[in-house]
Amino acid sequence: KQEVTQIPAALSVPEGENLVLNCSFTDSAIYNLQWFRQDPGKGLTSLLLIQSSQREQTSGRLNASLDKSSGRSTLYIAASQPGDSATYLCALLYNFNKFYFGSGTKLNVKP
Amino acid sequence: DTAVSQTPKYLVTQMGNDKSIKCEQNLGHDTMYWYKQDSKKFLKIMFSYNNKELIINETVPNRFSPKSPDKAHLNLHINSLELGDSAVYFCASSLTAMTGARDYGYTFGSGTRLTVV
Numbered sequence: 129k130q131e132v133t134q135i136p137a138a139l140s141v142p143e144g145e146n147l148v149l150n151c152s153f154t155d156s157a158i159y160n161l162q163w164f165r166q167d168p169g170k171g172l173t174s175l176l177l178i179q180s181s182q183r184e185q186t187s188g189r190l191n192a193s194l195d196k197s198s199g200r201s202t203l204y205i206a207a208s209q210p211g212d213s214a215t216y217l218c219a220l221l222y223n224f225n226k227f228y229f230g231s232g233t234k235l236n237v238k239p
Numbered sequence: 011d012t013a014v015s016q017t018p019k020y021l022v023t024q025m026g027n028d029k030s031i032k033c034e035q036n037l038g039h040d041t042m043y044w045y046k047q048d049s050k051k052f053l054k055i056m057f058s059y060n061n062k063e064l065i066i067n068e069t070v071p072n073r074f075s076p077k078s079p080d081k082a083h084l085n086l087h088i089n090s091l092e093l094g095d096s097a098v099y100f101c102a103s104s105l106t107a108m109t110g111a112r113d114y115g116y117t118f119g120s121g122t123r124l125t126v127v
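Those protein sequences? They're chains A and B, same order as listed. Using the working numbering, read the first sequence as starting at 129 and increasing by one per residue. Using the working numbering, read the second sequence as starting at 11 and increasing by one per residue.
What the hints contain is simulated information worked out from the structure, not anything from laboratory work. Each statement offered as a hint is correct.
So the derived list for chain B, only partly shown, Cβ under 10 Å to chain A, looks like this:
no., residue
1, 47
2, 51
3, 54
4, 100
5, 115
Cβ coordinates follow ideal geometry from the N, Cα and C atoms, glycine included.
Turn these sequences into a full structure, and let the hints steer you where they fit.
See the structure below:
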């Protein structure tokens with residue numbers, strides 16, 4: 129059974145800092161991994177999608193890496209801004225087309 | 011243009027009532043899903059339809075019944091609502107059941123916050 133863990137559960141940083149969010153999973157037989165952002169009262173916005181054959185993906189200030197052998201993914205946010213404050217969820221496509229989600233990291237970027 | 015839209019956004023109802031949540035996607039996707047996000051923020055899949063055909067039916071109470079009149083719509087009907095049904099319900103879609111989800115991932119709606127009192 130796939131289990132997805134995100135550490136830390138919450139993170140507060142001053143504006144401008146670079147930060148790393150972690151996601152670990154127990155079964156490496158995944159098809160892809162997707163990082164989402166969830167804002168209060170809103171849906172999930174897809175940030176980055178990494179295929180199982182890829183090692184990383186970049187979009188603007190965001191960089192996501194995937195290491196299937198160790199069961200880890202990281203989301204790196206450069207030069208954080210208050211607008212980055214949200215909950216970040218990682219999700220794995222595993223076992224047909226079901227996504228398994230972590231419980232998220234709640235990020236607060238202080239001005 | 012909203013890609014995946016859910017209605018209503020908020021729903022407060024009494025125990026024992028029957029309610030429906032509607033979902034529509036204008037992306038031309040073949041596959042749609044319902045996920046439930048509990049109080050601990052975990053999202054878990056409930057159902058998935060591919061071209062109006064049920065393909066995933068997780069272990070959820072029989073009180074929950076999805077209906078897909080066409081591939082652009084997937085509604086969720088809940089009978090005899092209970093306090094434990096309070097959660098945020100997310101609709102999502104992917105291009106196809108497997109390769110679309112694998113290659114392009116999911117697109118989620120904004121969620122429906124259901125509160126049962």
